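Visitor: Sequence:
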Amino acid sequence: MIPHRLQRIAAAVLPSLVTLIAAELILRGFPGLVPIDVGTALYSVYGTEPGGIYFLDRPTRANFMWPHYHTRAYWNGYVWEHRTDELGFRNPDGLRDRTLVWLGDSLIYGHGVEEEDTAVHRLRSEHGWGAYNAAR
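Numbering of the sequence shown is given in the numbering used here, commencing with residue 1 and proceeding in unit increments.
Think of the hints as simulated: they come from the structure by calculation, not from any bench. These figures come from a predicted structure and were not determined experimentally. Careful: at least some of the hints might be erroneous.
[Said to hold, decoys possible] Restraint-style ranges between C-beta atoms, simulated for each label pair:
no., residue 1, residue 2, range
1, G130, L20, 44 to 52 angstroms
2, L103, S44, 20 to 28 angstroms
3, R8, D57, 47 to 55 angstroms
4, E126, L87, 21 to 29 angstroms
5, D97, P59, 27 to 35 angstroms
In this text, a Cβ means the ideal position worked out from N, Cα and C, and glycines have one as well.
Taking the hints into account, I'd like the entire structure generated from these sequences.
Guide: The following block contains the structure:
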């Protein structure tokens, strides 16, 4: 009697569980399948909650990006790799030449593009200048 009951429970629960897992994998792998505003609400990493790119510095009451942090970021239909250095800024690991420090907002950070496509990276790669991205 008990094995039959377990089979019935498994038959009822297993399809739902498989469907939820498949939906989760599809949504994570293809964020463009949902409307942009829904995708931004689901996938945004802009926050201090677990999985977010910021932490709250209590003495200054300011949010700073986590050092040595890597995640996939999404905003308004754009997907990019967010990766920070030892100081919590968007630079390649091991960048030591900080002759030019770029301060700024999302435009300098490179919101919506890969690090290789930011203005700071292009200054380094195309002109050989020691440019450091300190935008947030």
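Visitor: Now tell me if each hint is right for this structure.
Guide: Status of each hint after checking the structure:
As the Cβ distance of G130 to L20 is approximately 49 angstroms, the hint placing it in 44 to 52 angstroms holds. Evaluation of the 20 to 28 angstroms hint for L103 and S44 yields a pass: the beta carbon distance comes to about 24 angstroms. At about 54 angstroms, the CB distance of R8 to D57 agrees with the hint of 47 to 55 angstroms. Judged by the Cβ atoms, the range 21 to 29 angstroms given for E126 and L87 holds: they are separated by roughly 24 angstroms.
Range check, D97 to P59: about 30 angstroms between beta-carbon atoms, so the 27 to 35 angstroms window is met.
This entry satisfies every hint, going by the numbered hints stated previously.
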